[in-house]
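Here the protein sequences line up with chains W and S, keeping their order.
Counting along the first sequence from 1, when you hit position 56 you're at 56 in our numbering, and nothing is skipped either side.
Add 329 to the 1-based position in the second sequence for our numbering, that's all there is to it.
All the pointers check out, no bait thrown in.
List time: in silico EDC-like cross-link candidates among lysine to aspartate or glutamate, alpha-carbon distance up to 20 Å:
hint: 1; chain 1: W; residue 1: 106; chain 2: S; residue 2: 432
hint: 2; chain 1: W; residue 1: 106; chain 2: S; residue 2: 431
hint: 3; chain 1: W; residue 1: 156; chain 2: W; residue 2: 145
hint: 4; chain 1: W; residue 1: 156; chain 2: W; residue 2: 188
hint: 5; chain 1: W; residue 1: 106; chain 2: S; residue 2: 430
hint: 6; chain 1: W; residue 1: 31; chain 2: W; residue 2: 19
hint: 7; chain 1: W; residue 1: 156; chain 2: W; residue 2: 112
hint: 8; chain 1: W; residue 1: 156; chain 2: S; residue 2: 369
hint: 9; chain 1: W; residue 1: 106; chain 2: W; residue 2: 182
hint: 10; chain 1: W; residue 1: 31; chain 2: W; residue 2: 17
hint: 11; chain 1: W; residue 1: 106; chain 2: W; residue 2: 188
Hints in this document: simulated from the structure, not taken from any laboratory.
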Amino acid sequence: MPIVSARGLSRSFRVSEKDPGLAGTVRHFLKRRVRTVVAVRDLEFTIEPGEMVGFLGPNGAGKTTTLKMLSGLLHPSGGRVEVAGHVPARREAAFLRRITLVMGQKQQLIWDLPPLDSLRVNAAVYGLDDREAARRISELAEMLELGEELHRPVRKLSLGQRMKAELMAALLHRPQVLFLDEPTLGLDVNAQAAMRRFLADYNRRHGATVLLTSHYMADITALCPRVLLIHAGSLFHDGSLEQLTQRLAPRREVRLELADTLPDSAFSGYGELESCSGRDVRLLVDRDRLTTVVGRLLADLPVLDLEVRDPPIEDIIGRLFRQGSIEQP
Amino acid sequence: MNQRLFRPFPRGRQSGRSALASALRIARALFISQYALMLEFRAEILLWALSGVMPLLMFSLWSSAPAGAAAGISPQAFARYFLAAFVVRQFTVVWVVYAFEEDNLLGRLSPLLLQPLPLVWRYAAAHLAEQATRLPFVMAMVALFFLAVPEAVWIPSPARLLLALLAAHLGFWLNFLLQHAITMLCFWSERASALERFLFMPYLFLSGMLAPLDLYPEAVRRFALLTPFPSMLYVPAQLASGGAIDALAAFRTVALWLAVLIPLNLLLWRAGVRRYAAMGG
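Take these sequences, add in the hints, and give me the full structure.
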C-alpha cells in the first residue's frame, strides 16, 4: 500500500501584476490586476514505504509547491493527496509526527543559540523524554559526524554543519516520510557526499520514505532508483533514471581513436558525426542500432580504441532545464 | 482542522495529568531557550527598556502642571503613578506582530507550522523570557528613580501588590491577544503591523500612559474604562501606586475582553492557517 499518493493534484496561485513607472504604480494602487498561475496540474503518482524517489524539474516547475502540499503547508486547489494514511491539509497531530519537510534555504534552528537548544525544544514538542532525546541526538550526531558543533551558535557554523544540524532537528522525532527540498544546496562536494551517505544510512536504518528534490544530479544518481520529473506543473516521467535518460537522450555517444585520419564522409551511415578532430572521432548513434553500428565500425575502420557512453545525465537534464520545454516523444 | 491555538496537539490518548505535564515540559523548554536567546541580546534589551521611559517623561511634565493639583493629585501621587506605569509598561510590551511578520516574510514559518505545536506558544514564550530579562534593568531604574525623587518612595501593601501583579500580567495577555489577533491578519496581508501602529494611538490616549485617567473628563474616562487599554497600564499602575480604583470592575472588564479575544484568536488562527501560502511557494 503506498505511503504517498497523489491523484489529480493541482494548485494554482493568484498573483498581482504591476506595470513599471509612475502610471503603473498609480494603476496598481487604484486597481490590482490579478492573474491566476497554475503551479501544479493534475499530478498523479504513488510512493511505496521505504522508497527513495528523486523529484526533478526546472526552476518553477512546481516541485516545492508539490512538497508543500504533501506536507500539509499548502492546500491543494484540486485533486486528492494522502500521506501516511492522512490528508495532509488537515494537519493532524498524528500526521505531523510522521513527516518532515526540510527546505535547504529555510531553517528552524534558533540562529543565535547552539543547535542543542533547538533540539531540546523539539524533543519537548514531540514528547521525547530526556533519555530518549539524548539517545537520538547522539545517534544522529554520530551519523552526521557532528560533535562540538552542537554547542556553538548556529550562526557560527559553516553551511554544511548548519544543514546537518537542520537535518538533526527535522529528524529528531524519527519521521517515516521525509520531504527534502534541495538539502545539499550550496554545500561543497565533501559536504554533499556526507549528506548523501547520511540519507542512505537513515533510509536503511529506519525504512524511511524519501522524496528528494535536488539540482545536483549526483544526489539523485546516488540515492534515488526512481525519479519523478515534472515540468510546468505536470508529471513528465515516473520511472528509473536510466529510463529517463533513454527517453530524453535516445542516442549514445561512441568515441573512436583511429590509427589514421579519415575524411568526414567516411563516417556517414554510422550515425551523426558530432566531432572529428584528427584521429579522435565522436559519433551519436541510435540506441537500438548501437550493437550493429559498433560491429561495423570495428570491421570497417582502423580502430585503435572505442568507447560507448551515455551523455552525462547532468547534460541531459541541464539542457532540458535550459530549454524550458520538453518535446513529448 | 483540529489544531488548537493554546493547546499542544494531542499525542494519542493522554490523561489530563500527562497532557498537563507535556504542556508544562514544552513551556519550560521554550522559556529556557528563549531566555537564553534574550540573554544573548542583553544590551539590546537594556536599550528597549530605556526606550520605554515615556511615563517618566510624562511625570516630569505633569509634576509642574497645575491640572494635577486641580484634580486633587499630589506631586507625590503623580510620581508614584508614573513610576508604576513605567514598570507596568515594561512587562506589558508586546511585539508579536513584528516577529510574526518577519518570520512570515523570511519563510521561517514553514518549518514551525509543521510541528505539532501552535506558533503562539513560541511567541508567548519569547515575550515572557524578554520580561524576565528586563527585570533587573527595571529594578535598577526604579532604584535610580527613588534616589532622584526620594519623596516618592513607597511600599505597596501585599494585597495591593499581588493585585497589581495579577492585573499587570492579565494586562500583558490582553495586549498580547489583541496584537496576536492583528498578527493573524499577516496571513492575508504582509503588512499587518500597519494596523498595530494605528492602534497605538488609542492605546496611548486611553491606557493612561499620557496621564492618569482621573484627569480625563468623566465621559471620556468612562468610555476609556470600557476599552481594553486601561487594563494594560492604568489599572495595574493605580493598584500598585495606591490610587483609587474599582478593582472588581477593572477585573470584570479584563475577563470580558479575554472572553472576546480568545475565541477571536482561535477563529483567525484557523482561518489564517487555511489561507497560508508560504512565501515563494
